[in-house]
Amino acid sequence: MKRRDVLLATLVLLALWYGLAALIQRPILPTPVRVLATFIRDLPRDLGRHTLVSLYRVAASIILAIALATPAGLVLGQSARLNRIFAPFIYLLFPIPKVVLVPIVLLFLGVGDFPKIVIITMILFFQILVLVRDAAAAIRPELLLSVRSLGAGRRALFRFVYLPASVPAILTAVRQSIGTAVAVLYIAELFATRYGLGYYIYYQGSTLFDYPRMYAGIVAMSLLGLGLYFGVDMVERHLCKWKLGAG
Amino acid sequence: MLELQGVTFAYPGQSPVFERFSWRGERGDVWAVLGPSGCGKSTLLMLLAGLVLPQAGDVRIDGERITRPRPRTGLVLQEYGLLPWATVQDNVMLGLRIRRFYGPDGRHVPRDERLDPAEAQARVKHWLARLDIADVATKYPGQISGGQRQRAAIARTLVLDPDLVLMDEPFSALDAPTRESLQALTLDLCAEGGMTVVLVTHNIEEAAFVGQKVVLLGKPPNRQAHIIANPHITDAEYRRSVEYQAICTGLREAL
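Chains as they are written, first to last, in my numbering: chain A, 1 to 247; chain B, 1 to 255.
Okay, chain B solo, but in the shape it has when bound (with noise of 0.2 Å):
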């Protein structure tokens, strides 16, 4: 499913941060990408979803070589993701209304993508409700809390019906609370969905909770991936057991 063949990649002048990088993930892993700041992580997904481009190597996608943007894959960022002009429900249309502007052309749009406003209508509502959404749906971004930004912008995400989710500390921003209910939400979906999921963060326990495995990434240039399996999440009651605590005391050792 996922790829990372002799990838080289440095921003403009500086040194870089993966050298001849490789890892491959599988179809419907659950995977963490944990490391400090500055090491790459967000780097890492940016190329996953094809909005930067490898100096060498390849990363492939379901075998396909990845050279711009991947209709199939929804990308969720920490904040500043949503129109701030356009209500919640206007957001989460969103990726619906940019297929339907294009076309189903295969580019942008998945050929086989069926463009009927009705069902888009449904599929929207749909997602509102799944998220708990559903009764901010008329408000805008600035107008209601940080977690449910973030919802929004999963929803927004889900709605395209996507095999691949990245995101990049999607609940770094919010209150331990708040971050724990919607982590739990994640392994849910992911379970209902049986999408593949990448999650960056900073956070060792937020990667021991997500992440069926752990990609651990240290001080650039990245040259290989040190990857903990983390086999044993079932539910928010993990969060309480034995072989969380190990994990976490494993990677906290790792880094």
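The following block holds chain A by itself, in its conformation from the complex (with noise of 0.2 Å):
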């Protein structure tokens, strides 16, 4: 994908969201201008802040996720009979819409940052142990066997083979789930606290009806997930450059 297309795309929604907002002329849907001017007001004063606190949430969430996932996921990968053990289990748990469990990570961990990091962490966490589990799980005979007669053991093999094969099975796990993880944040962040995007949203138009405000939450939101979206891709093209250009 081009930047230039990317960017081509931007001007038509901005457009078609200027069109839309011009046609239909209510305070409900003020103009891209005007939102983006109220954006670029008030990022230095609070709105920065929410944001900062949502980044915040959802970043140690992927960062606890990935830490609690991954050796979780190789261990499975490599021994069949745990896997057994433990595949029923994620079977069920993995569909369950984490989403509905906030009521009761909020009972039970309270008010704070803490609940919301463990509800995003549960959602990734599944993602990433079955990637990784599947990756390490068809990491070949073969390369195990001379790596193994190069000398490795069980502590080289896991630092020369399965952490490496895991990383792209992390990064693709991330990259599928940080559209829910952030909708989820949003969710999250309506209870039990003053601070993060989803609160800021919910305040100013439920409570101030200050509409252009809210938008600017919004697009502080959209481009949280966004830019969470890009770096992803990133790391990944910094990371898995083998992947480019193999035949």
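To be clear, the hints were calculated from the coordinates, so they are not data collected in a lab.
All values derive from a computational prediction rather than experimental measurement.
Take these hints with a grain of salt, some might be off.
Claimed, not checked - Computed, partial: chain B to chain A, Cβ under 7 Å: (1) 81; (2) 85; (3) 98.
Said to hold, decoys possible - Some chain A residues flagged as far from chain B (calculated, every beta-carbon gap over 10 Å): (4) 1; (5) 3; (6) 92; (7) 93; (8) 99; (9) 106; (10) 229.
Even for Gly, the Cβ is constructed at its ideal location relative to N, Cα and C.
Reassemble the complex: the two chains are provided individually, in unrelated frames, and hints are given to aid placement.
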């Protein structure tokens, strides 16, 4: 995908938004010009702080989920016996929409950042676990034998084979779940907090009826998701060069 | 150098591949192991490599009983032995990095191993050049030809300065000219390095061209090593000689 095409698509969408706003002429749909002006005005003030809080919560969840799910996935991928024991549990737990657990997690863990991080970590955890497990299980026995013949024991195999083999799986998993993660962040920030974009959007829209600021919050949240997505793409381009042009 | 004494080996739940099988090879020998698929050729190599262990009997190399992969033994497999995410150069460096990772512990790494990074770099460079793959050093395995991949796998083994090199059908996936040039290269490298080599193949011509001695394996269980001497190997010209033709015919009849 070319950068120019992405830019062009952005402009087309903004133009459509502008046209729709001009047509409807109601305060609940301000024009993009007005929203962007509000966004730029508020970003150095409270909007920026709410964005940083939200960014912190997602980023912490991503790091926590990678740190927990990668070793678990590598272990299950290497041991057919352990995988036989745990596969049914993963099968049952994976498809549960974790967002319905938000009230329960909040009841148990209370206010603050931690319960929000926990809930997003849960979503990412299963996705990463399953993909890393399958990547580890798919490593060819010939590769393991030949690296063992170079002197690698368990620790070196982990360091030089299993860990690098799981990197693409981690990145794919994170990319696939960023959309869901940000959506659930929004839901989680509606409860028991006074910081974060979820709270900001809801508060501006439903309590203050300040629609341009509400839209500015929505733009910030969209950019947050988009930024994370681009970030993963960039890391992937850097770490997975070998996948480009392989034939 | 190589010694199998009364080795019995079976994969779990299957009938034995080897039964009280004995075989000896001397230092500097270049062996070909020839037989149809399923005869246990690769198993023999895995036993020598210490990657599988016999249920009875001993595998000894230099008098030492093999219970795990031995640091001075190199293994070259048919395919898929290279890390797909590492460049050719990094793949060739892998064994040295593993050695640095453990340090000279005598278990994963020879005790007398010197681990100077500059020397490691020089060694990698030397073998990349010797195997004629210096120009693809920064490419990934998926971006180079099958012959180049196999050269990289050989370089990765030789960089560790092995005294025993085990090769499992290393050239069978390659086209004929590439295969022949790599066979000739293998002979040259053996002559240069004084290594002991065991090359497994199902290809009669390859066994006759590379193996100074050929072990024939048959339908399992293998109880005895049928050995055919092939003393006249000199260089690539050998392929056109009468002796070569006679050995090929002899091997074909023996199979």
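Quick rundown of the hints versus the structure:
With a cut of 7 Å, the hint placing residue 81 (chain B) at the interface with chain A holds, because the nearest CB-to-CB distance is about 4 Å. Given hint, residue 85 (chain B) at the interface with chain A, holds; its Cβ is 5 Å from that chain's nearest Cβ, closer than 7 Å. Hint status for residue 98 (chain B) relative to chain A: holds, with the closest Cβ pair at about 5 Å, below 7 Å. Residue placement check: residue 1 (chain A) keeps its beta carbon more than 10 Å from all beta carbons of chain B (closest about 22 Å).
The beta carbon of residue 3 (chain A) is kept farther than 10 Å from every beta carbon of chain B, the shortest such distance being approximately 25 Å. With a least CB separation of 32 Å from chain B, residue 92 (chain A) remains clear of the 10 Å interface cut-off, as annotated. Residue-level check passed: residue 93 (chain A) sits 31 Å from the nearest beta carbon of chain B, beyond 10 Å. In this structure residue 99 (chain A) is separated from chain B by more than 10 Å, as the shortest Cβ-Cβ distance comes to about 35 Å.
No beta-carbon of chain B comes within 10 Å of the beta-carbon of residue 106 (chain A); the shortest separation is about 41 Å. Listed as outside the interface, residue 229 (chain A) is consistent with that label: its C-beta sits roughly 23 Å from the nearest C-beta of chain B, beyond the 10 Å cut-off.
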